[in-house]
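Undergrad: For the protein sequence lines, the chains are L and C, in the order given. For the first sequence, my numbering begins at 1399 and goes up steadily by one. For the second sequence, my numbering begins at 918 and goes up steadily by one.
Hints listed in this document are in silico derivations from the structure and should not be mistaken for laboratory results. Check before you lean on any hint, since a few could be wrong.
[Said to hold, decoys possible] So, partial list: chain L residues that the calculated Cβ filter (under 8 Å) puts toward chain C:
#1 F1449
#2 V1501
#3 P1545
#4 V1652
#5 L1655
#6 I1660
All values derive from a computational prediction rather than experimental measurement. Where is the CB? At the ideal position from N, CA and C, for every residue including glycine.
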Amino acid sequence: MISRSKKIFLISLASVIALLFILPLAWMVATSFKNDFEAIAGGLNFLPKDFIIDNYVYTLLGDGLSVPVLKWMFNSIFVGVSGALIIVFIDALAAYALARLDVPFKKTLFAMFVSTLMIPWVITFLPLYMEFSHLGLLDTYAALILPYSANAFGVFLLFQFFKGFPKELEEAAYLDGANKWQIFTKVVLPSARPIMWTLAIFSFMTIYNDFLWPLVATSSPEMRTITTGIAIMQQGSFVSSYGKLMALTTIATVPILILFLIGQKHLIKGITQSGIK
Amino acid sequence: MKFNQQSEQNTEEVNGKKELNASAEKKTKWSRKRKSQLTSSLFVLPYLVMFTAFLLIPLIYGVYISFHKYGLLSKDRPFVGLDNYKKIFDPNSYVNEIFFTGLWNTFQFVIYSVPLLVFIGLGLALLVNSLPSKIRGLFRTFYFIPYAISVSVISILWLWILDTNSGLLNNFLMKLGFDPIPWLTSQPGAWISIVAATVWWTIGFNMIIFINALNEVPESLYEAASIDGAGAWSKFVNITLPSIRPIMLFVVITSTIASFNVYGQPYLMTGGGPGDSTNVLLMGIVEQAFEERQLGSASAMAIIMALIMIIVSIVQFKISKAGQKGDQ
């Protein structure tokens, strides 16, 4: 139906735009292998003349380096994974109960949870800081993980799924004498696996990439996440070394990019479902 | 009702064993129901605890803080009523200047970025959908990739591309014989930079939502229009746009809220400059809280900011609904 020349034009246009999205990232990686002189000189040489890995060696293990980049990576991954696990677990329990079980006041509870999705987080950000300060939990993993678990997005997402889940399977299990917990873990959860992956990937990315909350919630260099650590390095000791800075940003980007490419289908599903009104 | 059944038991004892058994059965049925409700509630409990601790309490606590002169470090935090709010609207107060400069800058960012985020998002979705189906997924991934990356990486990457002396873009302009442009240290360069980086970073999200919406439009509508001899543009205006209107509204509202919350890009790329021209409201609130250590007025600012965001969303929703009625 589409003419051949129109098709070629569309593909070329799409390719040029694709380059705009990919080139900056490719350039970041290429620069991370350049020496400082070549990196700062800029120019339009894409590939390094002198291919070096010194920037990575220094960034990860450097003697003179006062910041623990590997610890930051560990923090980000640990906080992202624990946060995602907690979110998926508590949201699945709550969403299933609200969709299927005889929880008292369940309509009120669900309405209350969902209505908070409309409250801008800026309201809770400062009191949350004070709350953790009172609890003496600033600058700890608790502060980096727990606040994300209150978000109602996952409850909402999973609720829709459980509502549409066929009742027959549960009823058959009830007749066999299974209790609620057994039905939840043996019958319901296995079929909810894809949607739970969606929520897990979404949550991990949100936590891994978050900036302002970990910036204020942590203060010691050891408790920084990689995202906040980068910002500090950019304004501090790496300010004049683009090669090292790009090595650092590449290190921060590779894990999330791999996860993204693997989990892309789930992520798209999540976005699509969140967009349905 | 269940209690009535119990009292019935007391008055109708004379009715014999049979009745007694029946009501005892009801009683166990009742307690079984209570027990069932209790175990069901246990499922909700973990989330409810988190929700209360990290959303509900902060929400109430935030309002409480905003009614106090609440120093970050001082122990003495007296109740001051609406003073923190009054100061925001008192033209002689420095809080007033921080708030309204920040608000104006945030509004500018919203006004520049939201139309681009909506229309480029839709444009990319249309482009991807018009490609041969074999390569659609590939291009969708290309445009979506930056969305996976954190704001600090995005900001540093663009900071460097736009650098006046050694940045990629200025190097390119100089090769073409132009003077380098101080993108980040002059206006409108600074806004262009922040908006461009933001669009590049987040456009993939909107694109996905639009692709999904476009795929939901029934093919039969287009076929019917083709039979009537409608052109591509006429199909777009008369079929596509009305069909995706609810999703369009969703994208407008989510993009607006996200743009109101802008922080990382100006914080890292321009530091609020040049002057204070990109000093957005969230930066003002954070500064007031952690540098001036005045949490009371910072909280009042945050609450007013949130109210403005809610009002803007409602207005967008109403306008869209009114537009829909006008069509019919």
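Undergrad: It remains to establish, for every hint, whether it holds in the given structure.
TA: Results of checking the hints against the structure:
For F1449(L), the interface hint is violated, the least distance from its beta-carbon to any beta-carbon of chain C being 19 Å, above 8 Å. About 5 Å separates the beta-carbon of V1501(L) from the nearest beta-carbon of chain C, less than 8 Å, and the hint is met. Taking 8 Å as the C-beta contact cut-off toward chain C, the hint placing P1545(L) at the interface holds, the least distance being around 5 Å. Annotation: interface hint on V1652(L) violated; nearest CB of chain C at approximately 10 Å, more than 8 Å.
A distance limit of 8 Å between C-beta atoms decides the matter here; for L1655(L) the minimum to chain C is near 6 Å, and the interface restraint holds. The closest approach between the C-beta of I1660(L) and any C-beta of chain C is roughly 11 Å, which is over the 8 Å cut-off, so the hint fails.
Checked against the numbered hints listed earlier, the structure breaks hints 1, 4 and 6; every other hint is satisfied.
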